Amino acid sequence: MLNEVNLVGRISNVPRISRTKANVSVITCNVANQRSENYVDFIQCVFFDQEYLEKRLKKGMKILVKGRLQQNTYTDADTGTTIYYHEVVGKVLELIGKINTEDVSKKKTDKSEVVKDINDTTIERERYWIARKEKYLW
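FYI, our numbering numbers position 135 of the sequence shown as 135, with every residue one higher than the one before it.
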């Protein structure tokens, strides 16, 4: 059996971050995927144990999600009926497109520090590569 989902879209809500009882991070967000010119699907995505994403994901970011489709159920407390819903359990998430303008202005001010000496620290190397990527994104 094959259960693989590749999804490209924009984050349509502020990502919700929570933790399980076992202290595993859970990030939940909806991804707006344009099916055609007139239709947009809002697909719920869940990421487990990917703490590095907690501070990076923001509403409006264009992302690529690779994962699997999962069906879950719960019982409505008022009516007692069983509700079925689907979500994508993401394994890989990649940021696509332009970076937020606030982040870019901060990185541009750091560029002068980066070019001075690349080999001093790991942080400066990281800033150097961010500056190079920024150059090609615009």
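Careful: at least some of the hints might be erroneous.
To be verified - Straight-line alpha carbon distances no greater than 30 angstroms define the calculated DSSO-like cross-link-like pairs of lysine-lysine that follow:
#1 91 x 55
#2 58 x 21
#3 21 x 91
#4 58 x 91
No lab work stands behind these hints, which were simulated from the structure alone.
Model, not experiment: these values are computed from the prediction.
Hints, verified against the model:
no.: 1; hint: 91 x 55; result: 18 angstroms, holds
no.: 2; hint: 58 x 21; result: 25 angstroms, holds
no.: 3; hint: 21 x 91; result: 21 angstroms, holds
no.: 4; hint: 58 x 91; result: 18 angstroms, holds
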